[in-house]
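Work out the full structure: start from the sequences and follow the hints.
Read off the chains here:
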Amino acid sequence: MTRGKLVLKNLTRKKTRFLFTVLGISVGIASLVTLLSLGTGLEAEVRKQSQELGAELVVTPKGWCAYEQISVLTGETLPEAIPNADVEKVASIKGITAIPYLVQRTAIKNQPVTVVGILPEPMKQFKNWQVEKGEYRLDRESLVVGFSIAKQFELKTGDKLTIRGTEFLLSGILKEMGNRDDLVIYLDLTTAQKLYGVGDKVSFIAVKVDDITRIEQYSQEIQERANVAVVSDKQLIKSVMAIVGTVRNTLQMIAAVAVLAAAFGIINTMLTAIHERKREIGILQALGGKRRTIFFLFLYESALYGIVGGVVGLIAGFAFSFFAAPYIQQSEFTAFLGSAQTVEIFNLAVIGQAMLFSVLVACLAGIYPAWQASRLSPVEAISYE
Amino acid sequence: MNLQRFSSICLIFLIALSFATAAFAFTAPKAEGLDVDTVYSDPFAYKGEIKVRGAVAGLESEKNWFLVIDYREYVACQGTSCPAKWITVSVSGKLPESGKVVEIKGVIEKDETGKGGFVLKASEVKVK
Numbered sequence: 000m001t002r003g004k005l006v007l008k009n010l011t012r013k014k015t016r017f018l019f020t021v022l023g024i025s026v027g028i029a030s031l032v033t034l035l036s037l038g039t040g041l042e043a044e045v046r047k048q049s050q051e052l053g054a055e056l057v058v059t060p061k062g063w064c065a066y067e068q069i070s071v072l073t074g075e076t077l078p079e080a081i082p083n084a085d086v087e088k089v090a091s092i093k094g095i096t097a098i099p100y101l102v103q104r105t106a107i108k109n110q111p112v113t114v115v116g117i118l119p120e121p122m123k124q125f126k127n128w129q130v131e132k133g134e135y136r137l138d139r140e141s142l143v144v145g146f147s148i149a150k151q152f153e154l155k156t157g158d159k160l161t162i163r164g165t166e167f168l169l170s171g172i173l174k175e176m177g178n179r180d181d182l183v184i185y186l187d188l189t190t191a192q193k194l195y196g197v198g199d200k201v202s203f204i205a206v207k208v209d210d211i212t213r214i215e216q217y218s219q220e221i222q223e224r225a226n227v228a229v230v231s232d233k234q235l236i237k238s239v240m241a242i243v244g245t246v247r248n249t250l251q252m253i254a255a256v257a258v259l260a261a262a263f264g265i266i267n268t269m270l271t272a273i274h275e276r277k278r279e280i281g282i283l284q285a286l287g288g289k290r291r292t293i294f295f296l297f298l299y300e301s302a303l304y305g306i307v308g309g310v311v312g313l314i315a316g317f318a319f320s321f322f323a324a325p326y327i328q329q330s331e332f333t334a335f336l337g338s339a340q341t342v343e344i345f346n347l348a349v350i351g352q353a354m355l356f357s358v359l360v361a362c363l364a365g366i367y368p369a370w371q372a373s374r375l376s377p378v379e380a381i382s383y384e
Numbered sequence: 000m001n002l003q004r005f006s007s008i009c010l011i012f013l014i015a016l017s018f019a020t021a022a023f024a025f026t027a028p029k030a031e032g033l034d035v036d037t038v039y040s041d042p043f044a045y046k047g048e049i050k051v052r053g054a055v056a057g058l059e060s061e062k063n064w065f066l067v068i069d070y071r072e073y074v075a076c077q078g079t080s081c082p083a084k085w086i087t088v089s090v091s092g093k094l095p096e097s098g099k100v101v102e103i104k105g106v107i108e109k110d111e112t113g114k115g116g117f118v119l120k121a122s123e124v125k126v127k
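Taken in order, these protein sequences are the chains called A and B.
Once you know that position 160 of the first sequence is 159 in numbering that gives the first Met the number 0, the rest is easy, because the numbers rise by one and skip nothing.
Once you know that position 21 of the second sequence is 20 in numbering that gives the first Met the number 0, the rest is easy, because the numbers rise by one and skip nothing.
Treat the hints with care, since some could be wrong.
The calculated lysine-lysine pairs, modelled on BS3-like cross-linking and capped at a C-alpha distance of 27 Å, are [as the list claims (entries may be wrong)]:
| # | chain 1 | residue 1 | chain 2 | residue 2 |
| --- | --- | --- | --- | --- |
| 1 | A | 155 | B | 46 |
| 2 | A | 237 | B | 84 |
| 3 | B | 29 | A | 193 |
| 4 | B | 46 | A | 193 |
| 5 | A | 126 | A | 8 |
| 6 | B | 50 | A | 108 |
| 7 | B | 125 | B | 29 |
| 8 | B | 84 | A | 193 |
| 9 | A | 150 | B | 50 |
| 10 | A | 200 | B | 120 |
| 11 | A | 108 | B | 84 |
| 12 | A | 159 | B | 99 |
| 13 | A | 108 | B | 114 |
| 14 | B | 29 | A | 61 |
| 15 | A | 47 | A | 174 |
| 16 | A | 108 | B | 104 |
| 17 | A | 155 | A | 123 |
| 18 | B | 99 | B | 50 |
| 19 | A | 108 | B | 29 |
| 20 | A | 174 | A | 108 |
Partner residues aside, some chain A positions facing chain B, computed with beta carbon under 8 Å [claimed, not checked]:
| # | residue |
| --- | --- |
| 21 | 103 |
| 22 | 104 |
| 23 | 105 |
| 24 | 106 |
| 25 | 109 |
| 26 | 111 |
| 27 | 162 |
| 28 | 163 |
| 29 | 164 |
Honestly, the hints are just simulated from the structure, not real lab data.
By construction, the Cβ of each residue, glycine as well, lies at the ideal position given by its N, Cα and C atoms.
Below, the structure written as structure tokens:
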């Protein structure tokens, strides 16, 4: 009988015990997988939306909470708090392009629509926009709209749109960009500021830097010159994680308790198995089995618990992430990222991490019982009744 | 106590712990409707009856008004203290309790005494 067959036979000898031990580690790994799936999915979503914004840094008013920082990406209404003087100070820094945004909302046919006040020409260059229909004219009387908005509400150039009681001419429809830009009505910044009564203030400034390796220096310089805060996409991810901290903490706690309980379960199972198989160990020793061989036989058994438990945990974790987690996180995640899929299923990194962790825990838990088995004396082992 | 019984107890304990912690972690009830910040930006763009969701941040019982803040901000801040914008809601019946999540059906009416120069005249207030 080969070592592999022997290990398998020993494991499945007591089926109920095997099942409960595997279940123990599966619960822990399932919690871990759910935790990792939520995290990676969310990070990917925030990164994607950051890239769509086209900026390496976002300049926000000081003291903005995580919700407001995330709203920069989602196009929600934002408080207007950066005065024009600060916009000019930021824009004057060499090596950066600063694009101010005033984000507000209106409604077409009772459906909420995002309105963004922009500097027409710099924004067109920054986003590399092209006009699908009509002309790119933004002034006191005209506006342009994104591709999807025009399609959704069947808008044509020459139509009249009323925003906060003022009528505007729809001068142009932008070409499809495949991102949130398609869902926005664009107004000239000054006109939007007057219309929404916000003085000379903007919501935030998107910053593109010429030299990405100097991003930290740019960030510092912006904060030294103007009374603002600077947020990078990494910080945005941190903000989301801070908001959803309750979910993560709960899952972390469940994962930690479950993995710890599973480790003790493996130790217990293995010690019982050694006690039951003392005679068998003695025979192995009498047949010339070395201490090292016995040690590794029991360690392999333990590792196999980790592998089986890891696989079951992965399946359970992904199933839970896919079906249940979106409902659990409804109030926490979707409030910030719309209907975006915030759970990444079948992520290779998650699979790798979870399996490695499962096998590692099982091996660590198996060291002590395997060591106990290997140091039994042949006489003591073979004479055990 | 044998191993199987011990394992079963551990498993039941873990499942119970999961449910208990989950129950304590997610306290904001689910609500549907337009968001307060969205409506506040351009209230008169909404014609006829609309449904708004939010959290009750204050009561003005002498006018039979209550103030409602953005649901998402309520969730993010885990309370009603941080938002700077709110909608004034006028009701004919009983006022909801402060701090409760509500869904309001009603129409926007011009009223200079309301925040932003308007009130949401409610025909139905559902406490979640």
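Violated hints - listed by number, lowest first = Hints 3, 5, 10, 12 and 14 not satisfied by this model.
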